[in-house]
Amino acid sequence: MIQHYFLIIISTVLVNNIVLVKILGLCPFMGVSKKLETSISMSAATAFVLTIGSMTSWAISHYLLEPNDLVYLRTLSFIVVIAGVVQFTEMIMEKNFPLLHQLLGIFLPLITTNCAVLGIPLLNAQSSHTLIESALFGFGGGIGFSIVLILFASLRERLEGAEIPTPFKGAAIALVTASIMSLAFMGFAGLDR
Amino acid sequence: MDNRSPYIADAPSVSVIMFKVLLALIPGIALYVYVFGLGVIVNIILASITVVLAESTILAIRKLPIKPFILDGSGLVAAWLLAVSIPSIAPWWIIVIGTLLCITFGKHIYGGLGYNLFNPAMVGYAILLISFPSIMTHWQIPINLMENHIEWLDQIKIVMNSHLLSKETIDAMSSATPLDYIKTQLTLNQPLNIIQQNKIFGFLGGKGLDLVNLGYLVGGLYMLKEKIISWHLPVAFLASLFFIALIFYSIAPDTYASPLFHIMSGGSILCAFFIITDPVSGPTTPKGKIYFGIAIGLLVFIIRIFGGYPEGVAFAVLLMNIFVPLIDSLTQPRIFGHK
Amino acid sequence: MITALLVMIFLAVVLGLVLGYSAIKFKVDGDPMVARIDAILPQTQCGQCGYPGCKPYATAIAKGEADINQCPPGGDAGAKALAELMGMEFKPLNQEHGEQKPRAVALIDESTCIGCTLCIQACPVDAILGAAKQMHTIIASECTGCELCLPPCPVDCITMEPVLENSQSWKWKYPVYNIQNVSKA
Amino acid sequence: MELKNIFKFNGGVHPNENKSLSSSLPIARLPIPKTLVLPLRQHVGHVAKLKVKVGDQVLKGQIIAEADGNISAAIHAPTSGTILKISEEIIPHPSGLPDFCVTIESDLKDKWIEKKPIAWKKLDSAALIEAISSSGIVGLGGAVFPSHMKLKVNQNQSIETLVINAAECEPFITCDDMFMRETADEIIQGTLIAQTILQAKQCVIGIEDNKIEAYQALKKAAQKTSIEIKIVPTLYPSGDAKRLIYLLMGIEVPKEKRSVDLGIQVFNVATVAAIYRYLELGEPSISRIVTITGNVQNPQNYEALFGTPLSELIEAAGGKLNKTQKFIMGGPMMGFDLPSINVPVTKAMNCVIESSPELFPSPKPVMPCIRCARCADACPVNLQPQELYWFSKSSQLEKAKDYNLFDCIECGCCTYVCPSNIPLVQFYRYAKSEIIAQDKAKEAANTARERNESRLARIEREKKERAEKHAQKALGAQEKNSDDEKKLTIAAAMERVKQTQQENIKN
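Residue numbers (numbering that gives the first Met the number 0), protein chains in the order written: chain A, 0 to 192; chain B, 0 to 338; chain C, 0 to 184; chain D, 0 to 506.
Some hints here could point you the wrong way.
What the hints assert, rightly or not - 30 Å max Cα-Cα, derived DSSO-like pairs, lysine-lysine: (1) B/19 <-> D/363; (2) D/151 <-> B/338; (3) D/400 <-> B/286; (4) D/439 <-> C/172; (5) D/84 <-> D/110; (6) D/400 <-> C/100.
Unchecked claim - Ranges of calculated distance between the beta carbons of each label pair, as one might list FRET restraints: (7) A/97 <-> D/43: 42 to 52 Å; (8) B/9 <-> D/97: 31 to 41 Å; (9) D/469 <-> C/163: 45 to 55 Å; (10) D/109 <-> C/140: 37 to 47 Å; (11) D/43 <-> C/163: 17 to 27 Å; (12) D/461 <-> B/337: 47 to 57 Å.
Because the hints were derived from the structure by calculation, they are not lab data. In this text, a Cβ means the ideal position worked out from N, Cα and C, and glycines have one as well.
Build the full structure now, drawing on both the sequences and the hints.
Okay, structure coming up:
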């Protein structure tokens, strides 16, 4: 059983990393990776939302939608729930880390539209995970997102000093870097067997 | 006013460093030719020509001085490393494409010498591996193991052949690498000592491959002596690979190959002395180098044993390249007078 | 159909309650951003940005009413620092608000000054000394070079004198040498 | 000679010493020049306060500018003559910018003012420090920090060890070496005086193992004293005070602290000898030993009066050779190009090297940094020069600061070993002076903000007062108060206004 949970974590963090392998959540990945400091906070916020989001979504799916035969409402209700969780996180942040809140700016409410955050609960529902599995799946996804975002931010900070040819400056080189990271993550393929 | 002190300097130039790296590759390449024939030389020549042409073009487009940046030798080092990493019977366009990818996406897109985040040779190799898996995993068997003796001219013909060889030819000339072979045979529930009796296994690693690795080892020791590389990286890498392999080997010698086998097969030695020692994409602090080496050793082992690819060097190096800025900033040495 | 509606209404109500409660619980007041922005601004108080001083401009930026590139004394570097703080794209200085000039201090030609005190009232940092009918003088070390004292002077006796470099204030320059590749990023 | 009890610091380099060039001939005296130019700022701290005016006659050793405050040093006339002018002249500074100088036209009589030796054996420390504060003596090793300040010890500090820096680690420079060979006695005497003033329990002289003759001379002179002479390996930059302390005692001076805080004070050999000469003979600081070396006919050490034009020094050394391109003040590792051949000898000028393309070939083309970390291996402070370069180059000054840019001592070891020939130190100097300038600007902005805020507060207050006054007036009109009361209110208001005005003026 523990091995099973362990595999879920390995799978979501490394093998099926949501950003580099599933290519979800690229918006914050590109947007909030200019500075290491902000990326760390963003990844923490996203990991939190992902875990709570997948758990609440599981609850809604399990107790509300499935018994009432309302599976077709899944996407809609998940979006509503996630929006709520994001709002909640934002409020906590604004109160306790006001500067951070300012720094993250628009990207914080945008967690709502982060496809990774919707994607993970949907994947959970699709593979009919249990509550623990869902939580681990969300948590693993969050950790995977965090690791990759923080690493990407550290790479981009290093790139600040590089003499990148003008046409490739900014988003272009960031995407190239992301793709090489993705290439590197292919090395994990097969680890979850 | 050219007001710069110090007015004196005593340092080898970048070119000297890079050409010494090339020199250090020679013994390994020589043994490669001795065991496998001339294919690798053809690949090296193709890679060198490609890299010089490609870099000149890129430098011209970027309006940079061409001569100093060709003569610095860093492009050649990447190209040679790529050429010795791919199978020597791969068709000519493999190395050409690989070198082009390596020099554009690995190096110049980041600004050229000194700016690349990833090891250029490994970027090229990894793209080739996932794009042409079948070609990239068919390794030539040593000449003296082949049933039909082939002439050196034939080898050049094989490489220069643009369309793929027939299945029979390939099967006659090539096999999986020892690492790959073990992996596939283990899934068929064969015990390891039976597997290792196959003709492709030699004294320590793959037959002939262990000899080539010894050649690289000699080159690596030469670089250590010349202070081109520091001891931290190769020692940390080889030690961590050795110990993780030792642990698994002592638990289940039937399924896990011996630590020495792991060190002497695949690209371990090449990786230890030539690939992870690339200063640009590697960490710079002594502690960072040790962590980097250890992590690559572990990753190589994990990918070899549990992953989907037979050899993990390229992926392990690229993965750890991602960590380099973090490693560097977290392993700053204690400054004089600081706590 | 009705269950679907009920479920969605239920969700909306629960979320609304939770969020409403936390909105009260985690209420924030004050804007810490203004002080951070104000710290970047050069404090010349010149008003070239279109606001009556640096603080009002900072407040306007924090509220999103003003752009980050309206401060000529701060120049491109200032705009860059603001862009970084705000997490926005850098914009070069908006030339409508003026150009960045080398630092200068005002100097009163004391033989022409009639002692009208108009400049004293204009100075945003009280760097001009003097009283009515008496000659005025500028405390050079306190002068921000805002030029606000120039227009009110009825006899045009104030000039801006650029601050020259001496061996104490001299800075090492950015190294330049003979290969193109290593140029300023 | 044996090396024992030596603590090696990280890094360091050993360039070609080139010291024998100028150490074969004894120290020579320079003839008195016709005019001398004395910059008023030859030391760290406040500019000296001028005490003479144009046309004044001065005697040798007479004070022409006195120390302004504690951290400052006096300047004395190096020879007798007339004050010719007080003007801005080019000084030996990397900026090449002029600074205020006093020009003396010498009368060639070299007539001393009455020398007043000080009976130092009878005076206590405080009196001696007071006396030395007008000697004009500053650190002659190149740091030019006023020496009396270094002799002063706070109540809560006590000096355990006095370190005399005789390392002279830079190539080419031999002024201390020759000075030690010829005047070891004065150095030992001066050391004993400094030790007495500081009440230091022990005293160590640190000398590099390439100066055998000087070592033997010092050893001989110090025979009957408790002064320990320790040999350190020849490894640049062992002459840096913090590095020398580590070499000798294994103590690292912590960040943002001075060695005094640990009970260690460091003096240069020439400085202690100058203290001795001032107290024993009454001769203030008016000359120093300067090494002239490099591409000259006769490389040699000269005792030169401060203010002597460099051109005369060059002349004495046989004139400049054909290929001489420029003159470098200091050693080849940390020196800088002199802006003109007419700059005066100052208290900081320990060495002038005539540079030629053979001696110092023009720098090779710069390649990008390949992060080989050779510089990190060579850095005596254990910094990561490649990171500092990366951040300085892209003007990420905050980051450079985080990576401890300000711990850099600009010794040049990193540049010396760089395969890419990058002028690393230049980048650090740029980044440092840029950060300092920014900090200054920030400070100015803060004052401006405060002044603006207090002005706004004042205006607000005045507005309120005026409103009050109006209200009172209205009230007064209603109640038809007596004139007396009205006058009183007005007087009070006037008083208030006056007060605020005065306050503002004070501000």
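Quiz item: Holds or violated: are the alpha carbons of residue 84 of chain D and residue 110 of chain D at most 30 Å from each other?
Solution: Holds, at roughly 20 Å.
Practice problem: Sort out whether residue 286 of chain B lies within 30 Å of residue 400 of chain D, counting only the CA atoms. | Solution: holds, 22 Å
Self-check item: Assessment of proposed distance window 42 to 52 Å (beta carbons of residue 97 of chain A, residue 43 of chain D)
Solution: With a Cβ separation near 44 Å, residue 97 of chain A and residue 43 of chain D satisfy 42 to 52 Å, so the hint holds.
Self-check item: residue 140 of chain C and residue 109 of chain D - C-beta distance against the hinted 37 to 47 Å
Solution: For residue 109 of chain D and residue 140 of chain C the Cβ distance comes to about 43 Å; the hint holds.
Quiz item: Is the distance from the Cβ of residue 43 of chain D to the Cβ of residue 163 of chain C consistent with 17 to 27 Å?
Solution: With a Cβ separation near 23 Å, residue 43 of chain D and residue 163 of chain C satisfy 17 to 27 Å, so the hint holds.
Practice problem: With a cut-off of 30 Å on the C-alpha distance, tell me whether residue 439 of chain D and residue 172 of chain C pass. | Solution: Status holds; Cα separation ~17 Å.
Quiz item: residue 151 of chain D and residue 338 of chain B: Cα distance at most 30 Å?
Solution: With Cα atoms ~28 Å apart, residue 151 of chain D and residue 338 of chain B stay inside 30 Å; holds.
Quiz item: Is residue 19 of chain B close enough to residue 363 of chain D, meaning Cα to Cα at most 30 Å?
Solution: Holds, at roughly 20 Å.
Practice problem: Starting from residue 400 of chain D, check that the Cα of residue 100 of chain C is at most 30 Å away, please. | Solution: holds, 28 Å
Quiz item: Has the hinted range 47 to 57 Å been met by the Cβ atoms of residue 461 of chain D and residue 337 of chain B?
Solution: holds, 53 Å
Exercise. Hint says 31 to 41 Å; check whether the CB-CB distance for residue 9 of chain B and residue 97 of chain D agrees.
Key: holds, 37 Å
Self-check item: residue 469 of chain D paired with residue 163 of chain C, Cβ distance criterion 45 to 55 Å
Solution: holds, 49 Å
Of the hints listed earlier, there is not a single one the structure fails to meet.
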